[in-house]
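Undergrad: The primary structure of each chain is shown beneath.
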Amino acid sequence: MIRLDNATKVYKRGARPALDSVSVEIERGDFVFLVGSSGSGKSTFLKLILREERPTGGDVYVAGRHLNKLSAWRVPHLRREIGAVFQDFRLLPNKTVYQNVAFALQVIGKSRHHIQSTVPEMLDLVGLSGKEKRFPHELSGGEQQRVAIARAFVNHPPILLCDEPTGNLDPGTSVGIMRLLDRINRTGTTVLMATHDDEIVDQMRKRVIELRGGELVRDQDRGVYGLERV
Amino acid sequence: MRLRFIFGEVFNGLRRNTTMALSVVLVTFVSLMFVGAAALTQMQIDQLKDDWYGKVEIAIFLCPESSRNERCAEGAVTAAQEDDIRAVLEDGALSDLVQKVYYESREEAYGKFVANDDEGIWSYLTPEQMQPSFRVKLSDPEQYQVVADATEGLPGVDVVRDQREIFSELFRFLNAATVIAAALAGVMLIAAMLLITTTIRLSALSRRRETQIMRMVGSSRSLIQMPFMLEGAVAATAGAVLAIGGLFFGVRYLIEDWLKSSVTWVQYIGTSDVWNVAPWLLVIAVGLAAVASIVTLGRYTRA
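Respectively, the protein sequence lines represent chains W and P.
Per the working numbering, the very first residue in the first sequence carries number 1; after that it's consecutive.
Per the working numbering, the very first residue in the second sequence carries number 1001; after that it's consecutive.
Take the hints with a grain of salt, since some may be wrong.
Cross-link-like lysine to any residue pairs, in silico, SDA-like; alpha carbons within 25 Å at most [to be verified]:
1) W:Lys-95 with P:Gln-1212
2) P:Lys-1260 with P:Asn-1175
3) P:Lys-1112 with P:Thr-1078
4) W:Lys-69 with P:Gln-1212
Label-pair ranges, simulated between beta-carbon atoms [to be verified]:
5) W:Glu-52 with P:Leu-1174: 53 to 61 Å
6) W:Glu-138 with P:Asn-1276: 55 to 63 Å
7) W:Glu-52 with P:Val-1179: 29 to 37 Å
8) P:Asn-1012 with W:His-196: 52 to 60 Å
9) P:Ser-1206 with W:Arg-80: 48 to 56 Å
10) W:Asn-94 with P:Arg-1172: 55 to 63 Å
11) P:Ser-1206 with W:Asp-124: 28 to 36 Å
12) P:Pro-1279 with W:Gly-188: 54 to 62 Å
13) P:Pro-1279 with W:Asn-94: 34 to 42 Å
14) W:Arg-134 with P:Ala-1183: 55 to 63 Å
15) W:Gln-99 with P:Gln-1047: 55 to 63 Å
No lab work stands behind these hints, which were simulated from the structure alone.
These numbers come from a predicted model, not from an experiment.
Heads up, the beta-carbon is just placed ideally off N, CA and C, and yes, glycines get one too.
Please put together the full structure from these sequences, using the hints given.
TA: As structure tokens, this is what we get:
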């Protein structure tokens, strides 16, 4: 589903590479944690997959596409196959919960009929039924993140990228979000989650990919957050 | 769905950015008003030229009895010389350029002078002191110089005069007016373009969150950019429509209703000419918005 072959990214000529010859393969339906300290290359890893950046060396394949050769006008089609969730939720403050989720379908040209049937289903999945007409500022942080996940998943993309989705949430709320991501993963969706949250990683016991200084230092099934704790 | 979405976004953008949108409307209005005024002035000049040049003619004044002109040192023009001049005009190489020649005798010139003279100067003059002349109507008035060169040196010719010279000063003034209007229009168009650029930029910045999400969920670049482009285009077109309206009422009330009834000897442009200019003003407005969009959007809503 996602494959990096010696992928390297150098932002400035002569600078230390943000990602240094990383090779990794993530299968369909995998749940993978991407861990590492700030500046270890996690964001660059995600940006390569979203084709926000192109690799300066090596190859990147996502959902059957060779991203090195993907032309700019085909990038939107790639992004429809990837849902993305962020630490800061990125909801539209002037739209209701329902409208925020519907927006993702509107702007890729789905019919009104499709939207009217899909959005309530999705809000039900993330546990927000009955809060359709609330605005983001009327929701708790956990609920806002659920809206963001609903928006990312409403088009049923085969891949869900999560960049520190629990970074702004308290531990109790984070557990709820992880249960939701786990449920989405069980539908066959590949979930790749970058995180600093050691408790969650240790609890979930999923595959862990660790980056340090742009290099892949660990790729472990049923791993934990820090190497020292193995 | 997409159309509804696009127009919804355009409406929202214009509403959120009312003052900017309004300033775009006003600046395009004024600038296109100048463009239109320049175009209409040129049309008026063409109309006057067609009209007046059709009426004017070349006057070849023949030597009178006593003249200070060296060419007339031999005294008044003779009948033989008159025949030669007429032959040059009617039978020679000039015959293609000349539509009609008629001869104004001393008596006729005197008669005209008397008829036009309210102050009684005519009583000091006699028909013998008047100059006979050939009045030549040209098939193409622009070819004046050719005819003048061919006849000026002929024996018995005093001076050749192109009556268009009377109007040339007026046309020069009108041409200068056109240049000034066009220059102002140019400056205003630049201002309009900069304003549209700023408006689109502000609009794109204020909706960065939306465009970011649109990019993220895979909406096409054209759908992301379309609302901003349309916003600029709608505002510019509104300005063009106002300009067309302004020109229409200007021509209708100032020229058709006022000038036409008070200064009747001139052929004026009319509102139909405004309709000829109107599509071009719309094209300029939309083109302006398009250029501004292309310059701005590449940077602010990348895919």
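Undergrad: Taking the hints in turn, state whether each one holds.
TA: Each hint, compared with the structure:
| no. | hint | result |
| --- | --- | --- |
| 1 | W:Lys-95 with P:Gln-1212 | holds, 15 Å |
| 2 | P:Lys-1260 with P:Asn-1175 | holds, 21 Å |
| 3 | P:Lys-1112 with P:Thr-1078 | holds, 23 Å |
| 4 | W:Lys-69 with P:Gln-1212 | holds, 23 Å |
| 5 | W:Glu-52 with P:Leu-1174: 53 to 61 Å | holds, 59 Å |
| 6 | W:Glu-138 with P:Asn-1276: 55 to 63 Å | holds, 58 Å |
| 7 | W:Glu-52 with P:Val-1179: 29 to 37 Å | violated, 52 Å |
| 8 | P:Asn-1012 with W:His-196: 52 to 60 Å | violated, 37 Å |
| 9 | P:Ser-1206 with W:Arg-80: 48 to 56 Å | violated, 26 Å |
| 10 | W:Asn-94 with P:Arg-1172: 55 to 63 Å | holds, 60 Å |
| 11 | P:Ser-1206 with W:Asp-124: 28 to 36 Å | holds, 33 Å |
| 12 | P:Pro-1279 with W:Gly-188: 54 to 62 Å | holds, 57 Å |
| 13 | P:Pro-1279 with W:Asn-94: 34 to 42 Å | holds, 39 Å |
| 14 | W:Arg-134 with P:Ala-1183: 55 to 63 Å | holds, 58 Å |
| 15 | W:Gln-99 with P:Gln-1047: 55 to 63 Å | holds, 59 Å |
The structure does not agree with the numbered hints 7, 8, 9 stated previously, though it agrees with the rest.
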